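Residue numbers (our numbering), protein chains in the order written: chain C, 1 to 109; chain Y, 110 to 616.
FYI, nobody ran anything at the bench for these hints, they're computed from the structure. Only a predicted model underlies this, so the values are computations on that prediction, with no experimental measurement involved. There could be a bad hint or two in this list.
[Unchecked claim] Pair ranges (Cβ atoms, derived): (1) Pro152(Y) / Phe68(C): 16 to 26 Å; (2) Asp108(C) / Val137(Y): 34 to 44 Å; (3) Glu144(Y) / Phe68(C): 35 to 45 Å; (4) Glu11(C) / Ile285(Y): 27 to 37 Å; (5) Glu95(C) / Asp284(Y): 40 to 50 Å.
[Said to hold, decoys possible] No farther apart than 16 Å at their CA atoms in a straight line, the calculated lysine to aspartate or glutamate pairs in the EDC-like style are these: (6) Lys408(Y) / Asp89(C); (7) Lys274(Y) / Glu253(Y); (8) Lys409(Y) / Asp89(C); (9) Lys313(Y) / Asp109(C); (10) Lys487(Y) / Asp290(Y); (11) Lys487(Y) / Asp78(C); (12) Lys510(Y) / Glu31(C); (13) Lys409(Y) / Asp188(Y); (14) Lys409(Y) / Glu184(Y); (15) Lys375(Y) / Asp438(Y); (16) Lys469(Y) / Asp290(Y); (17) Lys249(Y) / Asp286(Y).
Glycine is no exception: its CB is placed at the ideal position from the N, C-alpha and C atoms.
Chain by chain, the residues:
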Amino acid sequence: MDLENQRRVKEITEEYGADNVIVVIGGGEAEAAGLAAETVTAGDPTYAGPLAGVSLGLRVYHAVEPQFKDEVDSDTYDEQIGMMEMVLDVDAIQEEMSSIREQFSDYDD
Amino acid sequence: MFPSLRAASYVLVHAPDMVIHNGSTQVVERTVNPESEYLKALPNHLRTFEEVVAYAPNQVYIGNMKPEELREIKEPWFDKPVASASADGPMGRIFEERLLIGLIKACDAFDLVLLEESFTEEVQPDIEALNLPEKYKKLKSGVEIERIQSEIEDRHAEPLVTGGKVVGCVKRAHDIDPNLDSHVILENLVVKATGVLSGLELLKKYDIDPLSIPYVIECSEEAAGDMNQRGGGNFAKSIAEIIGADNATGSDTRGFCAAPMHAIVKACALVKAGVYENVLVLAGGATAKLGMNGKDHLKKDLPILEDVLGGFALLITENDGVHPIFRTDLIGRHTVGTGSSPQAVMTSLITGPLDKAGLKITDIDVYSVEMQNPDVTKPAGAGDVANANYKMIAALAVMRKEIERAQINDFVRTHGLPGWAPTQGHIPSGVPYVGHALQSFLNGDIEKAMIVGKGSLFLARMTNLFDGVSIIMEKNPGVAEEAGVSKDDIRKMLSEALRDFAASLGE
Numbered sequence: 001m002d003l004e005n006q007r008r009v010k011e012i013t014e015e016y017g018a019d020n021v022i023v024v025i026g027g028g029e030a031e032a033a034g035l036a037a038e039t040v041t042a043g044d045p046t047y048a049g050p051l052a053g054v055s056l057g058l059r060v061y062h063a064v065e066p067q068f069k070d071e072v073d074s075d076t077y078d079e080q081i082g083m084m085e086m087v088l089d090v091d092a093i094q095e096e097m098s099s100i101r102e103q104f105s106d107y108d109d
Numbered sequence: 110m111f112p113s114l115r116a117a118s119y120v121l122v123h124a125p126d127m128v129i130h131n132g133s134t135q136v137v138e139r140t141v142n143p144e145s146e147y148l149k150a151l152p153n154h155l156r157t158f159e160e161v162v163a164y165a166p167n168q169v170y171i172g173n174m175k176p177e178e179l180r181e182i183k184e185p186w187f188d189k190p191v192a193s194a195s196a197d198g199p200m201g202r203i204f205e206e207r208l209l210i211g212l213i214k215a216c217d218a219f220d221l222v223l224l225e226e227s228f229t230e231e232v233q234p235d236i237e238a239l240n241l242p243e244k245y246k247k248l249k250s251g252v253e254i255e256r257i258q259s260e261i262e263d264r265h266a267e268p269l270v271t272g273g274k275v276v277g278c279v280k281r282a283h284d285i286d287p288n289l290d291s292h293v294i295l296e297n298l299v300v301k302a303t304g305v306l307s308g309l310e311l312l313k314k315y316d317i318d319p320l321s322i323p324y325v326i327e328c329s330e331e332a333a334g335d336m337n338q339r340g341g342g343n344f345a346k347s348i349a350e351i352i353g354a355d356n357a358t359g360s361d362t363r364g365f366c367a368a369p370m371h372a373i374v375k376a377c378a379l380v381k382a383g384v385y386e387n388v389l390v391l392a393g394g395a396t397a398k399l400g401m402n403g404k405d406h407l408k409k410d411l412p413i414l415e416d417v418l419g420g421f422a423l424l425i426t427e428n429d430g431v432h433p434i435f436r437t438d439l440i441g442r443h444t445v446g447t448g449s450s451p452q453a454v455m456t457s458l459i460t461g462p463l464d465k466a467g468l469k470i471t472d473i474d475v476y477s478v479e480m481q482n483p484d485v486t487k488p489a490g491a492g493d494v495a496n497a498n499y500k501m502i503a504a505l506a507v508m509r510k511e512i513e514r515a516q517i518n519d520f521v522r523t524h525g526l527p528g529w530a531p532t533q534g535h536i537p538s539g540v541p542y543v544g545h546a547l548q549s550f551l552n553g554d555i556e557k558a559m560i561v562g563k564g565s566l567f568l569a570r571m572t573n574l575f576d577g578v579s580i581i582m583e584k585n586p587g588v589a590e591e592a593g594v595s596k597d598d599i600r601k602m603l604s605e606a607l608r609d610f611a612a613s614l615g616e
């Protein structure tokens with residue numbers, strides 16, 4: 001996750017509290033999505049950005065995961081994400097995201 | 110009538126020492142962590158010139174292999190050298206770093222570049238062998254290495270290194286102005302010199318007279334200017350000067366990775382409107398992006414694959430009845446109101462122009478998208494960029510019920526290509542296929558292609574909007590541009606008028 005986005009996530013969490021923040025990731029690859037998810041839960045694994053050594057433990061989902069998909073209007077979802085859902089390796093992304101949440105997220109809802 | 114694509118050239122410059130000294134990943138690392146293991150390991154992971162030449166994606170870039178041939182080589186490609194490889198190809202050439210450094214001196218109009226005496230003598234024959242105008246072929250005399258060392262150590266000059274040794278330097282052009290410091294001047298001289306190489310190769314490979322070119326558009330991602338006009342320009346004219354295009358003027362077009370497509374559309378418009386008979390669109394390469402994903406490559410024990418600077422040049426002319434045409438009436442645009450989701454982007458760029466023409470997604474023989482080399486992007490966690498783009502186009506076709514979902518992979522294979530271009534921002538964006546398309550149209554292998562360029566504008570922090578432009582290319586229907594009415598036409602019109610007059614007399 002780039003340094004600017006890390007800074008934004010950190011600031012938003014400080015302002016609204018971790019309970020009130022959900023991070024939605026749109027990365028195209030399971031590995032890249034997992035790294036972003038790790039950054040906003042365990043901290044920046046590359047130790048380069050504002051979240052280095054900062055474990056926010058936030059709720060984090062990918063846009064193709066059912067936890068997000070089921071919460072939004074289905075027509076809007078098809079219009080905005082339907083194409084990418086066909087293109088991405090949804091199973092691999094879900095597996096990676098679940099693994100990161102189980103290891104590092106403070107929430108299990 | 111629609112403008113034609115007359116010529117397309119592509120160059121690469123193998124720049125291993127610039128990876129170490131000028132690539133932004135390495136520059137940042139040296140600043141924040143000078144003793145890092147990465148910097149220590151880096152020199153052992155650089156490829157030789159021969160390895161770079163024998164690398165299949167590079168052979169495709171200069172036209173020695175067709176893009177489709179990459180499918181016959183199992184990925185990754187870096188450990189499968191091409192036996193018949195050559196540094197010279199039908200569309201361009203792969204050059205060595207030392208030639209580039211010599212050419213930087215030839216391109217230096219302000220005596221900002223100092224080259225060491227023996228290096229100057231050594232590189233002089235290579236510069237003379239280029240198809241430069243005579244006045245640029247003779248390098249100014251070199252200086253002693255002590256002078257260069259003192260410029261680097263005492264006056265903030267940027268070293269020019271090749272073969273692991275300092276052979277020259279680029280001095281800063283101003284004491285205070287950061288836009289003219291030695292780092293920026295070096296970057297700008299490199300983009301100028303690689304643009305010059307692209308232009309020279311186009312003139313040479315297609316036998317084009319530089320004096321026949323009235324206008325040049327340069328579309329890289331660098332900015333030339335000083336503290337009062339940071340991006341004032343004008344790379345285009347500075348390149349036109351060195352390649353001997355004495356009758357040309359020009360300007361720069363910027364738009365991140367989408368700039369080449371914007372430049373092509375502008376060039377087509379200028380030609381179609383009759384402002385200029387032809388326009389040369391070109392761009393050089395970015396030192397900053399050398400070794401950009403080097404840390405990921407080393408982590409996976411791969412060689413540094415981002416070790417080449419890229420460049421290209423396209424000559425767009427009045428319709429000659431032979432060369433493929435750009436359908437200026439079928440252009441896709443990502444507008445301010447389009448939105449930034451991949452779906453909105455692809456719909457605006459792909460189906461926009463198709464709907465206007467009443468065409469289906471499957472009516473286009475080949476799409477050229479972000480043609481990044483997957484050898485580079487996959488180990489860096491960015492996936493196979495070209496393949497992902499083709500899947501998106503296929504998914505759009507599914508949503509429009511033009512193909513079945515199960516046919517997505519077939520579509521990618523029949524209408525797409527593997528990526529081969531170096532990750533130099535504007536270089537892989539749509540344009541790498543244009544040269545191959547030129548040949549395929551002339552051979553009658555394809556009828557229609559769509560060239561798509563996209564750009565991420567957020568990097569400049571001016572807008573969060575995405576950007577993109579696309580255009581459809583077609584086989585030339587075979588009717589050339591007429592300069593005016595021919596004598597035969599006039600005779601025919603006169604005789605018809607006389608006949609009508611005679612007939613009216615009889616009424």
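Consistency of the hints with the structure:
1. Pro152(Y) / Phe68(C): 16 to 26 Å: 45 Å, violated
2. Asp108(C) / Val137(Y): 34 to 44 Å: Distance hint for aspartate 108(C), valine 137(Y) holds at roughly 38 Å.
3. Glu144(Y) / Phe68(C): 35 to 45 Å: Given about 43 Å between the Cβ atoms, the range holds.
4. Glu11(C) / Ile285(Y): 27 to 37 Å: 34 Å, holds
5. Glu95(C) / Asp284(Y): 40 to 50 Å: 57 Å, violated
6. Lys408(Y) / Asp89(C): 24 Å, violated
7. Lys274(Y) / Glu253(Y): Holds: lysine 274(Y) and glutamate 253(Y) sit about 14 Å apart, inside 16 Å.
8. Lys409(Y) / Asp89(C): Violated, at about 22 Å.
9. Lys313(Y) / Asp109(C): Not satisfied, since the Cα-Cα distance of roughly 66 Å exceeds 16 Å.
10. Lys487(Y) / Asp290(Y): 35 Å, violated
11. Lys487(Y) / Asp78(C): With a Cα-Cα distance of about 28 Å, the restraint between lysine 487(Y) and aspartate 78(C) is violated, given a limit of 16 Å.
12. Lys510(Y) / Glu31(C): Violated: lysine 510(Y) and glutamate 31(C) sit about 32 Å apart, past 16 Å.
13. Lys409(Y) / Asp188(Y): 14 Å, holds
14. Lys409(Y) / Glu184(Y): 15 Å, holds
15. Lys375(Y) / Asp438(Y): The hint holds at about 13 Å.
16. Lys469(Y) / Asp290(Y): Not satisfied, since the Cα-Cα distance of roughly 52 Å exceeds 16 Å.
17. Lys249(Y) / Asp286(Y): 27 Å, violated
Checked against the numbered hints above, the structure violates hints 1, 5, 6, 8, 9, 10, 11, 12, 16, 17; every other hint is satisfied.
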